[in-house]
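The residues making up each chain are set out below.
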Amino acid sequence: MTGTSKGLITTRQLLHHEAPIFEQGAPGRSGASLPKLDVPEVSAAALLGDLYRDAAPGLPEVSEVDVTRHFTRLSRWNYAIDIGMYPLGSCTMKYNPKVNERVARMPGFAGLHPAQSEESLQGALELMYRLERALCEISGFARVTLQPAAGAHGELCGLMMIRAYHQSQGRFPRKVLIPDSAHGTNPASVTLNQMECVPVKTSADGILSAETVRAAVAQYPGDIAGLMVTNPSTLGLFEENIAEIAEVVHQAGGLVYMDGANFNALLGKVRPGETGIDVMHINLHKTFTTPHGGGGPGSGPVGVVEKLIPFLPTPTVELADGKYHLLYNRPQSVGRLRSFFGNFGMHVRAYTYIREMGGEGLTQATEMAVLNAVYLRALLHEEYPPASEKPSMHEYVTSDKKIKKETTVQTLDIAKRLMDYGYHPPTVYFPLVLPGALMIEPTETESKETLDEFAAALLSIAKEAHSDPDLVKHAPHQTALRRLDETKAARQPRLRWLPPT
Amino acid sequence: MSNYPSDLRYTKDHEWARIDGKRVVIGITEFAVHQLGDITMVELPKEGESFRREQVLGTIESVKAVSDIYAPLSGKVVKTNDPLRDSPETLNEDCYDEGWMVELELSSLDEIKQLMTSEEYAKYVKDHS
Amino acid sequence: MRYIPHTDADVAQMLRIIGASSVEELFSHIPAQLRLKKPLDIEALDEVSLMTHLGQLGARSTPATGATVREGAALSFLGAGLIPHHVPVAVDMMLQRAEWYTSYTPYQPEVAQGTLQAVFEYQTLVSELFGPPVTPGQAAPYVSNASMYDGASATAEAVLMARRITGRSAVVACGAIHPQYLGTLHCYLDGIDSEGRGAIKTVGFGADGRVDLTALATLLAELGSTVACVLVQSPNYLGVLQDVSAVRALAQKAGALTVVACPEPLAFGLVKSPGSQGADIVAGEGIGLASGPSLGGPGVGLFAARSEHVRQIPGRLVGETVDQDGRRGYVLTLATREQHIRREKATSNICTNQGLIALAFAIHLCMLGKSGFRRLAELNLAKSEYLKQRLLGVRGFRLAVSGPTFNEIAVTVRGRAADVALRLREQGIFAGVPLDQPGFELPSLPDAERTLLIATTERHRREDIDHLVTALDEVCP
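Residue numbers (my numbering), protein chains in the order written: chain H, 94 to 594; chain B, 195 to 323; chain Z, 212 to 688.
The shape of chain H in the complex, shown without the other chains (with noise of 0.2 Å):
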């Protein structure tokens, strides 16, 4: 890529590639506007002794124009949600509304210093209750931890508690039951905590049968910590047996873990609390809009029954006698997952949309949700069945089976021939029990059309696979890049840049 050289068209749409900012600027540039020093000037040689570094480290020398200029033409190499449709399954990527990004970017949030006095922050405080009262109405749980960074770090959360819940009743027991069609984060957990996965199998229509969990449960008399769950499941399908599951593993004294990743499926129609659930993470950068970031922050509070509030994090945010305070004497807690406490700023925009849409307003989230995803289960299944007959929610989960079977055509390039068409593509080979799968969740901020225009797509694609299955299977050819090589980039390995010899 030489993006600067002189004389070389490059460009398509004005689109630029662009050489790393390491080879860009000259020495002795700089962007930087830095204060006047106005106190005596140190000898940071003199001051350091040993310690004193004697280059500063390899960072650009560039000017603010040239920063400005290359993030700017590196984010038009991104696909956005305010792009188009972003129908990845089991990612929840919804609109971010705006008004939340103006919120929580307000003084009276985004200055706060996590070492402020109490007093100092009631609005916060206040801010946090009401989003913890708020989760707490929406999901049934008793109580609601927000400090957990992330869905995964939600998981580990309530792991912790689910062990020390055992620990306080004198029990160890290891044993965790996961089924197969679980997010990998969910037995990466059960190892982080040296706990042991016993995976369960999902019957053949897709969902989790109670007689299967009584028969793993049976294996390990008294082990049982407990059973991690996703619902509605990443196929897609509500656990109709959860509370009978839930049943047999309480009988065998685990408590159940619900992955909240698909919770945006259930609001105002099902509390997962009230379902035989104990614990539960909720990601606010899928069901409450908080914003993917390419990648991150996310956040994922943790909600429990009851008997689980003494294992909480610290602190919690108390309210007594009209002040909000942070309660750190808790000596059955799990502790602490971070530092401060959590992703406050995530917080801030998941309780301005959780107030501005209401209950009405979030049940109708859901109903669209599941009504966009079964729409385009309707209009695709006859080229793209779906991978169980059951009634299917928020997403529709299919595979290449189908044009697998009759062309050379599969998912990889589906997905990639997607990109020419003016989308992103799906989630695909996940969940890993569905060979090929292509899972796509549109979410209820896409409109009627855009569905449609999807559908004609992904059908458009079938019928390619078949007529010209070259042109799908050497796709993308309207993206700036085409196809990365991932073996060269995992055999030998280049993770940052490096000065040429």
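Just so you know, these hints were derived from the structure itself, not from any lab. Predicted, not measured: the structure shown is a model, and the values here were computed from it. C-beta atoms are modelled at their ideal positions from N, C-alpha and C, and glycine is treated no differently. Be a bit skeptical, because a hint or two may be false.
With beta-carbon atoms standing in for the labels, derived distance ranges [claimed, not checked]:
id, chain 1, residue 1, chain 2, residue 2, range
1, H, Glu116, Z, Gln307, 24 to 30 Å
2, B, Glu292, H, Pro592, 47 to 53 Å
3, H, Pro128, Z, Pro347, 33 to 39 Å
4, Z, Gln307, B, Glu292, 21 to 27 Å
5, H, Asp563, Z, His240, 40 to 46 Å
6, H, Pro128, Z, Glu637, 50 to 56 Å
7, H, Asp414, Z, Pro649, 14 to 20 Å
Result set (BS3-like, lysine-lysine): computed pairs, CA atoms no more than 25 Å apart in a straight line [stated by the list, open to error]:
id, chain 1, residue 1, chain 2, residue 2
8, B, Lys216, H, Lys498
9, H, Lys494, B, Lys320
10, B, Lys270, H, Lys497
11, H, Lys362, Z, Lys249
12, B, Lys206, B, Lys317
Based on the hints, put chains B and Z in the right spot on chain H.
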């Protein structure tokens, strides 16, 4: 289409074993290589380590998959194919010769009869894919 | 509802195609006893009412940090793991581009080159800060990941990584470590170690605020070959710069790795990087250079390690490659370490990074550039030294510890620090963090209840510092 040399013995986990007296050379089959795709990393045991049959003695990675390699027979590692660490692509090119992985000194010859012949393995692969 | 586009006609038409008579029918397969029987009790607000409500909530706090030091009425010297620097306006303007904040994890590289290249550049910057210098023609000595949740959880992950590499479990946490970092480490380890409780041993600090090396040597000798790593913080919780090489020499003798936590990465504009001092893994926090403090989150957990350990690194990594036409491009790589592939055998359960805050950190560092970053570090050091000299001139005040510091110092005052801080708060000043404040306590420090942790940066003018010192002297008994 598939190539499973008849002088080798095979496991259900898609390893092959070339047995020569008390020594056995181990690798993975063409079927396994195909399933993994472009191999990006091979992790081998240390010389002198001992393994029981079906214990994990290494791993193979492709871009989006990881696969454990199980010892087809019990024994002690006497040699490893170290060049594979730097050029894992050898496994994609030639999994039966250049792509061998580990040589073991067998602790017992009794286990050999539990392995499959190339015909049995070919049938096993056909039935299970 | 402005975020939901469906008209009644749309819904009717969609239901017709689905073959359902109502939206309610789409939920009819959920067992009735599991259904919520009443509407959710949350009132909806229009944008005017919403902004009013949130504006009122915001007004009930007093921000320590505004666009300028004085905006929002407070003059703040709060640090303690989050030292807010001035972040140029251009940084947040860039973050507000929808292509950055409304995009997802770059799983499809052809439509996410922006995020991927930005992360690659971020990884380069963090490697430069924390690792030894690169030699042209040589392999990279240090690699950074795409970021972790925050400094505290990154530190816990660094310790877990050291345990995986060494196959040992004991951890020696040395010197003045941020209590919340240590708390997080306990949270990550105590549960899993509960059957043989107490994997974390601690070593104190001397009068200079640095690790008590004699005690460390004794402890390491006692523990023998069970120690996975020695954890040290620099600048440490009392602001003191640790001589990492001295700690490392002892760790290495015990066959243990050296893990360094760095909540204030700006120090490494002037201070030898932890990697140059022999650190194996470095974890840090970038929030102070990336975005507003936002009550401490979201921040960005910086994470880098010696390249030889790359396969044990937790979290995402971006690598350079080429597309099928040979053009340079970037992808997520070495993903086989991660949970979505390796599941229960993954190096961590982490799935996200702190993408947007990592981006802000990278943009700010690029703007500062080589000379700006160093000059910024010099300004911080000079301001803090000025404050130090002024405080030493106040009757009865003394430095809690004597070692070299960067931009934060611990000062023991006359009377209870919490009372002093409260009195200054009444004058519109956040004077510092009393070291017995809940969540920020350092009980191992003698006179902690009389000690304030005070951070000064480029944001403070000379008169701000003078004002603080005068006010402190006035309110102390």
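Evaluated hints:
Against the hinted window of 24 to 30 Å, the Cβ-Cβ separation of Glu116/H and Gln307/Z comes to about 27 Å, which satisfies the hint. The hinted range of 47 to 53 Å is not satisfied by Glu292/B and Pro592/H, whose Cβ atoms lie roughly 36 Å apart. Distance hint check for Pro128/H and Pro347/Z: the Cβ-Cβ separation is about 35 Å, which falls inside the suggested range of 33 to 39 Å. Remark: the range hint 21 to 27 Å for Gln307/Z to Glu292/B is contradicted by a beta-carbon distance near 55 Å.
Between Asp563/H and His240/Z the beta carbons are some 42 Å apart, a value that agrees with the proposed interval 40 to 46 Å. Take Pro128/H and Glu637/Z: their Cβ atoms lie about 28 Å apart, and the range 50 to 56 Å is violated. A C-beta distance of roughly 18 Å is found between Asp414/H and Pro649/Z, which places it inside the suggested range of 14 to 20 Å. The hinted pair formed by Lys216/B and Lys498/H fails the criterion: a straight-line CA distance of about 46 Å is larger than 25 Å.
About 19 Å separates the Cα atoms of Lys494/H and Lys320/B, which keeps this hinted pair within 25 Å; it holds. Restraint check for Lys270/B and Lys497/H: not satisfied, since their Cα atoms lie roughly 44 Å apart, outside the 25 Å limit. Taking the CA atoms of Lys362/H and Lys249/Z, the gap is near 9 Å; set against the 25 Å cutoff, the hint holds. Restraint check: the Cα-Cα separation between Lys206/B and Lys317/B comes to about 11 Å, which is no more than 25 Å; the hinted pair holds.
The structure shown violates the earlier hints numbered 2, 4, 6, 8 and 10.
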